[in-house]
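There are 2 protein chains.
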Amino acid sequence: MKVGILGGGQLARMIALAGYPLGLQFVVLDPDEHAGAGGLSEHLHGAYDDPDLLAQLAEKADVVTYEFENVPAHVAEFLSSHTTVYPPANALAVAQDRLVEKNFFNDLGIGTAPYAAVDNLHDLQDAMPNIGFPAILKSRRMGYDGKGQMVLKSTDDLAAAWQAMQGAPSIVEGFVSFQREVSIIAARRPSGDIVFYPLSENQHSGGILRLATACTNDAEQAMAEDYVRRLLEKLDYVGVIALELFDVDGQLLANEFAPRVHNSGHWTIEGSETSQFENHLRAILDLPLGSTQTRGFAAMINFIGGLPQTQELLNLSHVHCHLYDKAPRKGRKVAHATLRTDDAEVFTQTLAKVSALAQRVDQS
Amino acid sequence: MKVGILGGGQLARMIALAGYPLGLQFVVLDPDEHAGAGGLSEHLHGAYDDPDLLAQLAEKADVVTYEFENVPAHVAEFLSSHTTVYPPANALAVAQDRLVEKNFFNDLGIGTAPYAAVDNLHDLQDAMPNIGFPAILKSRRMGYDGKGQMVLKSTDDLAAAWQAMQGAPSIVEGFVSFQREVSIIAARRPSGDIVFYPLSENQHSGGILRLATACTNDAEQAMAEDYVRRLLEKLDYVGVIALELFDVDGQLLANEFAPRVHNSGHWTIEGSETSQFENHLRAILDLPLGSTQTRGFAAMINFIGGLPQTQELLNLSHVHCHLYDKAPRKGRKVAHATLRTDDAEVFTQTLAKVSALAQRVDQS
Numbered sequence: 001m002k003v004g005i006l007g008g009g010q011l012a013r014m015i016a017l018a019g020y021p022l023g024l025q026f027v028v029l030d031p032d033e034h035a036g037a038g039g040l041s042e043h044l045h046g047a048y049d050d051p052d053l054l055a056q057l058a059e060k061a062d063v064v065t066y067e068f069e070n071v072p073a074h075v076a077e078f079l080s081s082h083t084t085v086y087p088p089a090n091a092l093a094v095a096q097d098r099l100v101e102k103n104f105f106n107d108l109g110i111g112t113a114p115y116a117a118v119d120n121l122h123d124l125q126d127a128m129p130n131i132g133f134p135a136i137l138k139s140r141r142m143g144y145d146g147k148g149q150m151v152l153k154s155t156d157d158l159a160a161a162w163q164a165m166q167g168a169p170s171i172v173e174g175f176v177s178f179q180r181e182v183s184i185i186a187a188r189r190p191s192g193d194i195v196f197y198p199l200s201e202n203q204h205s206g207g208i209l210r211l212a213t214a215c216t217n218d219a220e221q222a223m224a225e226d227y228v229r230r231l232l233e234k235l236d237y238v239g240v241i242a243l244e245l246f247d248v249d250g251q252l253l254a255n256e257f258a259p260r261v262h263n264s265g266h267w268t269i270e271g272s273e274t275s276q277f278e279n280h281l282r283a284i285l286d287l288p289l290g291s292t293q294t295r296g297f298a299a300m301i302n303f304i305g306g307l308p309q310t311q312e313l314l315n316l317s318h319v320h321c322h323l324y325d326k327a328p329r330k331g332r333k334v335a336h337a338t339l340r341t342d343d344a345e346v347f348t349q350t351l352a353k354v355s356a357l358a359q360r361v362d363q364s
Numbered sequence: 001m002k003v004g005i006l007g008g009g010q011l012a013r014m015i016a017l018a019g020y021p022l023g024l025q026f027v028v029l030d031p032d033e034h035a036g037a038g039g040l041s042e043h044l045h046g047a048y049d050d051p052d053l054l055a056q057l058a059e060k061a062d063v064v065t066y067e068f069e070n071v072p073a074h075v076a077e078f079l080s081s082h083t084t085v086y087p088p089a090n091a092l093a094v095a096q097d098r099l100v101e102k103n104f105f106n107d108l109g110i111g112t113a114p115y116a117a118v119d120n121l122h123d124l125q126d127a128m129p130n131i132g133f134p135a136i137l138k139s140r141r142m143g144y145d146g147k148g149q150m151v152l153k154s155t156d157d158l159a160a161a162w163q164a165m166q167g168a169p170s171i172v173e174g175f176v177s178f179q180r181e182v183s184i185i186a187a188r189r190p191s192g193d194i195v196f197y198p199l200s201e202n203q204h205s206g207g208i209l210r211l212a213t214a215c216t217n218d219a220e221q222a223m224a225e226d227y228v229r230r231l232l233e234k235l236d237y238v239g240v241i242a243l244e245l246f247d248v249d250g251q252l253l254a255n256e257f258a259p260r261v262h263n264s265g266h267w268t269i270e271g272s273e274t275s276q277f278e279n280h281l282r283a284i285l286d287l288p289l290g291s292t293q294t295r296g297f298a299a300m301i302n303f304i305g306g307l308p309q310t311q312e313l314l315n316l317s318h319v320h321c322h323l324y325d326k327a328p329r330k331g332r333k334v335a336h337a338t339l340r341t342d343d344a345e346v347f348t349q350t351l352a353k354v355s356a357l358a359q360r361v362d363q364s
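Quick note, the sequences are listed as chains A and B, same order.
Using the working numbering, you'd call the opening residue of the first sequence number 1 and step up by one each time.
Using the working numbering, you'd call the opening residue of the second sequence number 1 and step up by one each time.
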């Protein structure tokens, strides 16, 4: 069986590494000549919407998946008409538009921060009395890692913020005073079987995920599973999904979901009986889903823009390196480390050491 | 960094899968067009002793290793004179000759079964009063998985057995009445640092390994570590080594060693904090060695000559698939499964199920 992947970066790389033991082969489509999954797969080198390459991808692959959600609708449509594509195109459509996504959450009875559609400065001005300050103005489409977002602290900020959006259809969201950010990762097969990973508690800085920690036996696990199950079933979803949530006094508000494997689930490679990458493959190939049982204490630390010496990381017992074969560049995720141990004290001490290493080399 | 591997089969495949997260790239030399590591590496396609390909391998790789011990001496010599080769050539020389190997064990104070060199029928006849029946006649070189071996039950068997050796320098070994076969896997860095895995208890059938089970806190662990340490230090060894031992009433007798990653260590992928494959790479790259701590109960089951449906295996919780991308053929190892769980009862029950699957498809 050959799996096609739109995108050949670190997510495709980790999907391929999880897939070889299952006897799978891979073909990726990526414009980057040095795509991180390139050495692990057949690499179709060109634009994501190149019709010839898409036709080749559809021809070569038994099933096509993707490592990013901003797949143009016509690309998903083309691929779907020629081969099996998972997750389904409707999940992409919802995830690509923050307004549609927020409405979707609310229609499913899942709370969100207050929000309003903004198509012009008047919309923004009208919305603010209900939304309140501080708030955040975001383009409805194509944002990630904090890009395309403007913070609004008072009415003085509105005009400049709207101008910065350059007329893009937008959404304004109220800030939520949350205790923590968490995400839940789940996988669903075509048959409807679902497995859930334990919550991950996530720390962002500058809009970029820095640390994700596995939360075994979390008090909000059941609520998060209920919410993500509603998404999966409504979308008749197949594959891995990640739902990001704010924990506000024990109530969970949905932030956004990603129809793909997710950075906050990277600790599952060593921290879970079956990783999110393997379960994504099992799901899209309609194979039995693997146990999501956690192995002890686990966390993932991102390296942004710079890398320590491999030796420094491997000197720390219980630390596993994941380099992405990407040239360091400001703000770019170039690697992560997983920390896994059965000992709570070792976990805390080692986490501090790895975090210090990550901060030392940080270029974000 | 680029690692070169002589041989591109399942061991090279699992070395490469362990190496990508460390940011490594791979080049393999293998005559098989469909070498299992081919998709994961640059594949130099041709004979192991092709001078042009060896020169390319030495040129491309920062360090060269191998997945089999029968590397011709002049190949190891050529590579060593052009690049770094680990494990060292002297380990190959010892492991390639059963007589040299047995003498080596005894010189290090490590017991073996009784043995004698056999260069002609007279040698064999002279040796048998001391060796006793039953015994086994083996060519000194190039045997694996029970090939090139003749069982001797009485003096009537001697002439035919010697004839079957076709004049090859041989060794006759007495049978050992052992309680179990075990192996110990260890890794050593150039600096001299060594890590040891827990003993693996191994079950063979027809000369082929079928089942390897991790033995945590084994009574013979210390003795096995002492023995393998003597080997490693005497050989100034770098990389992973596997030492096969017979347990005879609590005394360990050396059978043979393999200067490479070993089938009896495949359970370390899921069963250990760091796999034998990753520690082999860490060792030959002079990186800190990873923890060999075992995670719960772990075992490896080989699939010989045939494969069950992936679905059947993945239906069993706690079971991990490792397919080698090899066409099934009688007697050929085509895959293994790892079973890992914290629950002793689940372990026993699931092991029986996987073993039954392996027996059902067995073609050996």
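Read the hints as simulated data drawn from the structure, not as lab findings.
All values reported here derive from a predicted model rather than from experimental measurement.
Mixed in with the good hints, there may be bad ones.
No copy labels: a pair is met if it fits in one copy or bridges any two.
The calculated lysine-lysine pairs, modelled on BS3-like cross-linking and capped at a C-alpha distance of 30 Å, are [stated by the list, open to error]: (1) Lys234 <-> Lys330; (2) Lys234 <-> Lys333; (3) Lys153 <-> Lys234; (4) Lys353 <-> Lys153; (5) Lys333 <-> Lys2; (6) Lys353 <-> Lys333; (7) Lys153 <-> Lys60; (8) Lys2 <-> Lys153; (9) Lys153 <-> Lys330; (10) Lys326 <-> Lys234.
Cross-check of the supplied hints:
1. Lys234 <-> Lys330: neither (39 Å within a copy, 48 Å between copies)
2. Lys234 <-> Lys333: Close neither inside one copy (32 Å) nor across copies (44 Å); limit 30 Å.
3. Lys153 <-> Lys234: Result: close neither inside a copy nor across copies, 36 Å intra and 71 Å inter.
4. Lys353 <-> Lys153: neither (36 Å within a copy, 62 Å between copies)
5. Lys333 <-> Lys2: both (27 Å within a copy, 22 Å between copies)
6. Lys353 <-> Lys333: Classified as within; 19 Å inside a copy, 42 Å across copies.
7. Lys153 <-> Lys60: Neither. Shortest intra-copy (51 Å) and inter-copy (57 Å) distances fail the 30 Å Cα cut-off.
8. Lys2 <-> Lys153: Result: close neither inside a copy nor across copies, 50 Å intra and 51 Å inter.
9. Lys153 <-> Lys330: Within one copy, since 27 Å is at most 30 Å while 72 Å is not.
10. Lys326 <-> Lys234: neither (37 Å within a copy, 41 Å between copies)
Violation of the numbered hints given earlier is confined to hints 1, 2, 3, 4, 7, 8, 10; the remaining hints are satisfied by the structure.
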